[in-house]
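With the hints as your guide, set chain B with the ligand onto chain A.
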Amino acid sequence: MTISTNKSRPIYPGLSPDLNARSNIIVCDKGGAAAVTELFSRADTAFAKRTTILLAETLSDAEKQTVKTELSPASIEFFPTIPEGIARLREMLEAAPMGLRLYATGTEPLIGSVVQAAADYAIDHLSIRTEHRGSLMRRVQCVHCKGFIENVTTNPVTCAHCGLTLLVRDHYSRRLAAFQGVCIDAEVPGDVPPTEALYQ
Amino acid sequence: MSGSRLRRVRVAEVEQVAARIKRFRLVDIDNAPLSEFSGGSHISVVMHSGDRMMRNPYSLMGSPSDTSSYQISVLNCGADSRGGSKFMHENVAVGTELEISEPLNLFPPVKLAKKHILIAGGIGITPFMSMMNELDSLKSNFELHYGVRSLDEGAYCKYLQSRYGSRINIYRQDQGQMIPLETILGNQRLGTHMYVCGPKPMIDWSLQTAELLGWPSENVHSEQFSAPPPGKPFTVKLAKSGREITVKGHQSILEALEEHGVDAPFLCRGGACGQCETGVVACDGYIEHNDHFLTEPERVSGKKIMICMSRIQTGSITLDL
Ligand code: FES
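Protein sequence lines, in the order shown, are assigned to chains A and B.
Going letter by letter, the first sequence gives residues 4 to 203 in the numbering used here.
Going letter by letter, the second sequence gives residues 5 to 325 in the numbering used here.
Bound conformation, chain A alone (with noise of 0.2 Å):
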């Protein structure tokens, strides 16, 4: 993970069990399921027989069998999209007690969004252990028209709304879930820096 000194940007410290914990939610995609092999590795049996693991990616038929020997005994969910995972896991929360653990881990726009919905129940976000894991994709919001592009790998990005060249800052917002995209070329238009792949 890249170091930065804007504040705001998010810092994943890494995956450790809360031992004391009644239950957990863990939110991942597919590169995160790895961190969750480590995780439980750190951990008793009883841990991971206390865990339900949301997977919000699209998986094969022969992945979803291999996560589910690597993960059992903890029940696990899958979800072809991160939208449909965070449905469920806000469905789970409605309903959760206090001494549930929250973890997330895989690219930033899914710790992201699981950040971003624990908000809604008044769960603190540095109370959610979270690990970054697979690519460095962000979801980025326009500043001048709002609106949102997801999945972004360069810098700069086109708007996919507006269609202006836009800067992808480190100034990020928790309760949008999104890096802040600036236009770049505001002062001469078509002045633009050329586009690297920062975000792989």
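In short, the hints are calculated from the structure, not lab data.
Yeah, the Cβ is synthetic: ideal placement off N, Cα and C, and Gly gets one too.
One or more of the hints may lead you astray.
As the list claims (entries may be wrong) - Covered stretches of chain B (chain A as the covering partner; in silico rule of three or more C-beta atoms under 8 Å from a C-beta of chain A):
no. : region
1   : 41-51
2   : 184-193
3   : 220-227
Stated by the list, open to error - To give an idea of the chain B side of the interface with chain A (calculated C-beta under 10 Å), a few residues:
no. : residue
4   : Met198
5   : Leu216
6   : Leu217
Unchecked claim - Result set (SDA-like, lysine to any residue): computed pairs, CA atoms no more than 25 Å apart in a straight line:
no. : chain 1 : residue 1 : chain 2 : residue 2
7   : A       : Lys10     : B       : Cys277
8   : B       : Lys119    : A       : Glu94
9   : A       : Lys10     : B       : Ser221
10  : B       : Lys115    : A       : Tyr124
11  : B       : Lys115    : A       : Gln119
12  : B       : Lys115    : A       : Arg93
13  : B       : Lys118    : A       : Ala90
14  : B       : Lys118    : A       : Asn23
The following block gives chain B with the ligand in isolation, referenced to the frame of chain A:
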């Protein structure tokens, strides 16, 4: 940054509210309005007893929006303390003039919480008086669990029950009643926060119970007002100005510095906030670390001291001031 400016107040009312607890109502010396505060705030009261200057923190208890007077409650800790509370009980009466700091809040309720569980032991009820006032007016969901030795020794039991009804739960030690904390914390909805104020063993027990039940530390809050423990006099040398100041047996380093007009940083005066952390240049005595702030390695290094609470046994200490 050092403490806010002081304000002169006059004691307008004194009431014995429990066996060893008095309530004091303070008004501005010129009857000017006082500053508004938020639930959980405290002030520090400056006391001059003989040639000694002491400064103790006390929680504000009234309604946060009432700027006509402040109310504090003081438990007389008797002979085993350094004398601040005894001074308030024996030397302060209606008409006495005192100096106080502006309110400071190191124990605010978390605004976004879905529910607030307040755990108080004895005089630890005081910060919750204003906190409940505020939570009630915001229509926030809260409940108080209040442990007292007996109804005689517990302050405000009747008042609280009549004002907040079933949200107040009182547990009497003389009848063998204990706060059933595990049951209380074991059955709360997500987004609940716990706040505890009382004697240190009670705070430790509460924090530990919450942790073992899987409560994230972000949902758990505590405040402890511990007065600086007394000891033997010793000398403080200030490296920058070359001054030498004697810290008397019943004083903290911070109080001794203030008495001599040295402006040192502080906020909580209870060893919790970290504001008064001061570098130690040299020390020929043993440092008694009485704070809850420094880490164990920092203590062992002997390079830092929290001057609001900690002292040395004898000898002299040179501070980076
Ligand atoms: S003033 Fe807060 S720790 Fe000393």
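Outcome of the hint check:
1. Residue count for the region 41-51 of chain B with a Cβ under 8 Å from a Cβ of chain A: 0. That is fewer than the three needed, and the coverage hint is violated.
2. Look at the region 184-193 of chain B against chain A: 5 of its residues bring a Cβ nearer than 8 Å to a Cβ of that chain, three or more, so the hint holds.
3. Residue count for the region 220-227 of chain B with a Cβ under 8 Å from a Cβ of chain A: 4. That meets the three needed, and the coverage hint holds.
4. Taking 10 Å as the C-beta cut-off, the interface hint given for B/Met198 holds, the closest approach to chain A being about 9 Å.
5. Interface hint at B/Leu216: satisfied, since its Cβ lies 5 Å from the closest Cβ of chain A, which is below the 10 Å cut-off.
6. Satisfaction of the interface hint for B/Leu217 is found here, the shortest Cβ-Cβ separation to chain A being roughly 5 Å, below the 10 Å cut-off.
7. Proposed proximity of A/Lys10 and B/Cys277 is supported: the alpha carbons are some 22 Å apart, at most 25 Å.
8. Of the supplied pair hints, the one linking B/Lys119 and A/Glu94 holds, its CA atoms being roughly 20 Å apart against a limit of 25 Å.
9. For the suggested pair A/Lys10 and B/Ser221, the alpha carbons sit about 22 Å apart, so the restraint of at most 25 Å is met.
10. As the CA atoms of B/Lys115 and A/Tyr124 are separated by approximately 13 Å, the hinted pair is consistent with the 25 Å bound.
11. Restraint check for B/Lys115 and A/Gln119: satisfied, since their Cα atoms lie roughly 17 Å apart, inside the 25 Å limit.
12. For the proposed pair B/Lys115 and A/Arg93, the alpha carbon gap of about 21 Å is at most 25 Å, so the pair holds.
13. Pair hint B/Lys118 plus A/Ala90 holds up; C-alpha atoms about 21 Å apart against a cutoff of 25 Å.
14. Of the pairs offered as hints, the one joining B/Lys118 and A/Asn23 holds, with about 22 Å between alpha carbons and a cut-off of 25 Å not exceeded.
In this structure, only the earlier hint numbered 1 is contradicted, and the remaining ones agree with it.
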